[in-house]
Amino acid sequence: MHIPDGFLGPQTWIPAYGAAGAGWAWVLRGLRRDLRAETIPRLGVASACSFVLMLIAIPLPGGTTAHLTGVGMIAVLFGVRLGYLAISVVLLMQALLLGDGGITALPISSLALGLVGTATAVSARRVLRPLGETISLFAAGWCGVVAAAVITALALGLQPTLSHDDVGAPLFFPFGTATTLPAIVVPHLLIGILEGVVTIIAWRGLGKRTGGGAP
Amino acid sequence: MSTRHIPLLLLLTMQPAGAAAHGVTHTVQGTEAVMITVSHDDGSPLVGAFFKVTSPSDAEPVLTGTTDTVGRLTFLPDHDGDWRVEVWTTDGHGFKTTIPWSAAAGLDSKPSAPATGFRLLVGVAVAGIAGYFTGRSRRRP
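Residue numbers (this note's numbering), protein chains in the order written: chain U, 228 to 442; chain B, 122 to 262.
Quick caveat, the hints were computed from the structure, so don't treat them as lab data.
For every residue, glycine included, the Cβ atom is placed at its ideal position computed from N, Cα and C.
Hints may contain errors.
What the hints assert, rightly or not - Ranges between beta-carbon positions, derived for each pair:
id	chain 1	residue 1	chain 2	residue 2	range
1	U	432	B	195	45 to 53 Å
2	B	186	U	356	49 to 57 Å
3	B	195	U	242	32 to 40 Å
4	U	354	B	183	52 to 60 Å
5	B	205	U	288	53 to 61 Å
6	B	225	U	404	42 to 50 Å
7	U	357	B	195	58 to 66 Å
8	U	232	B	223	52 to 60 Å
9	B	169	U	408	54 to 62 Å
10	B	184	U	232	21 to 29 Å
11	U	241	B	169	26 to 34 Å
12	U	409	B	178	14 to 22 Å
13	U	320	B	205	53 to 61 Å
What the hints assert, rightly or not - Listing some non-contacts, in silico: residues in chain B with all C-beta distances to chain U over 12 Å:
id	residue
14	145
15	167
16	177
17	199
18	208
19	210
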C-alpha cells in the first residue's frame, strides 16, 4: 500500500490532500484532550513497530508481496484520532527516509490506512465484542487492513477513468478496478490473518497499560 | 507500557528469514541496448510486470510488454535523449523513471532503492529511539 509518485493523477491527489488535511486538522484539534503525557512514548513505540512492520514484505503466491501494517494494533490501543496521526507520521517518514510511497500518494495512503483502516478496526472490535475479546481483536486487525486495501485498490483502479488522454489512454496507473480489486484485496485477505494475530498479541501485552485502549 | 515491553513490541515486528523488505528496485545498464532489471528489494525478480517505453521524440510509447522470467526489460534507443520507462504491476508496485541515454557514454546505474539491510537498520533505529524515550519518561519522577 505504498503507492509510488506518478501512479495517481492530480484529479485524485489534490482532493485527497484536502480530505486528509481536514482529517489532520481534526486530529490536531482534539490532540490536547486525547494525548496525555504518558501516552506519547507509548504511541511512539507503537508507531515505530508499525514503521518496521510496513518495511517487511511477505512473499505471496503469484510472485507479489504484501506487508503488515499494525493498523489494527494501533487502532485498538489508541483509537481512530491518534491512530490516524500515528499512521500518517509513519507513512511520511517512510516516504522521506526510504522512498517507500510517494508524496503525492501520501494523503490516499493516510486516509486508507490511518482513517478508514483504524475506524474499521475500532468498529469491528465494538460490534464483535459480545463474541469475545479474542474474536473482536482478530476481527479488528483483519477488517482494518482489508478495508485499507479496498480503498487503495479503488484509488488506483479509478485512475484510467479519472485521468486519460483524448483517445482514452490512461495517463497514470493503467489498470481499472476489475484488475486492482482482486490484485490488491485478495492478498490482504491473507495478510489480515497475521494482522489479526498481531492485534491480539499487542492487546494482550499492552492493552491495559495504554489506558484500556481505544475510546 | 514499561521498557520491558519494548522487546515484545520488537518481537512483533520479526518476520521469517525469507521475508523481504517491501518495495521495488531497479538497475539500468547498457552500452548499445538498455537493459533494466526490476526486482523486489530482496533481489527476487519482478516477473511479468507491465512496462512502457517512450522515446524522447514521441508522445506515444515505442515499446510495451512485460518483464521476463528474471525481471528484465530491454530496448534499443536509436537516438540520444531522455527515454521514459514506466513499470507497473496490477497490485500497485512499480516506478516511472527517465533514462538520459547517450550512445557515447552508455549506462550503469546503482540500484534505485536502499538495500534491505539499510532499510531494516532504519526501522530498528526508529524503534530504538522510541524505546529510549519511553524508558526515559518512565524514569522521570
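Do the hints match the structure? See the list:
Checking the proposed 45 to 53 Å range against residue 432 (chain U) and residue 195 (chain B) shows it holds: the Cβ atoms sit about 51 Å from each other. Range check, residue 186 (chain B) to residue 356 (chain U): about 52 Å between beta-carbon atoms, so the 49 to 57 Å window is met. Judged by the Cβ atoms, the range 32 to 40 Å given for residue 195 (chain B) and residue 242 (chain U) holds: they are separated by roughly 39 Å. The hint said 52 to 60 Å for the Cβ distance between residue 354 (chain U) and residue 183 (chain B), and at roughly 54 Å that hint holds.
Distance hint check for residue 205 (chain B) and residue 288 (chain U): the Cβ-Cβ separation is about 32 Å, which falls outside the suggested range of 53 to 61 Å. Judged by the Cβ atoms, the range 42 to 50 Å given for residue 225 (chain B) and residue 404 (chain U) holds: they are separated by roughly 46 Å. Our hint of 58 to 66 Å for residue 357 (chain U) and residue 195 (chain B) holds, since their Cβ atoms are close to 59 Å apart. Between residue 232 (chain U) and residue 223 (chain B) the C-beta distance comes to about 25 Å, which lies outside the given range of 52 to 60 Å.
For the pair residue 169 (chain B) and residue 408 (chain U), the beta carbons lie near 19 Å from each other, so the given range of 54 to 62 Å is not met. Residue 184 (chain B) and residue 232 (chain U) have their C-beta atoms about 23 Å apart, which keeps the hinted 21 to 29 Å range intact. Between residue 241 (chain U) and residue 169 (chain B) the beta carbons are some 33 Å apart, a value that agrees with the proposed interval 26 to 34 Å. Taken as a hint, the range 14 to 22 Å is violated for the pair residue 409 (chain U) and residue 178 (chain B), whose Cβ atoms sit roughly 38 Å apart.
At roughly 29 Å, the beta carbons of residue 320 (chain U) and residue 205 (chain B) sit outside the given window of 53 to 61 Å. Not every C-beta of chain U lies more than 12 Å from that of residue 145 (chain B), the closest at about 8 Å, which undercuts listing it as non-interface. Distance check for residue 167 (chain B) against chain U: the nearest CB is about 8 Å away, which does not clear 12 Å, and the non-interface claim fails. At roughly 18 Å from the closest C-beta of chain U, the C-beta of residue 177 (chain B) stays outside 12 Å, upholding its exclusion from the interface.
Distance check for residue 199 (chain B) against chain U: the nearest CB is about 23 Å away, which clears 12 Å, and the non-interface claim stands. With a cut of 12 Å on Cβ distances, residue 208 (chain B) falls inside the contact zone with chain U, its closest approach being about 10 Å. At the 12 Å boundary, the C-beta of residue 210 (chain B) falls inside the reach of chain U, the nearest C-beta of that chain being 7 Å off.
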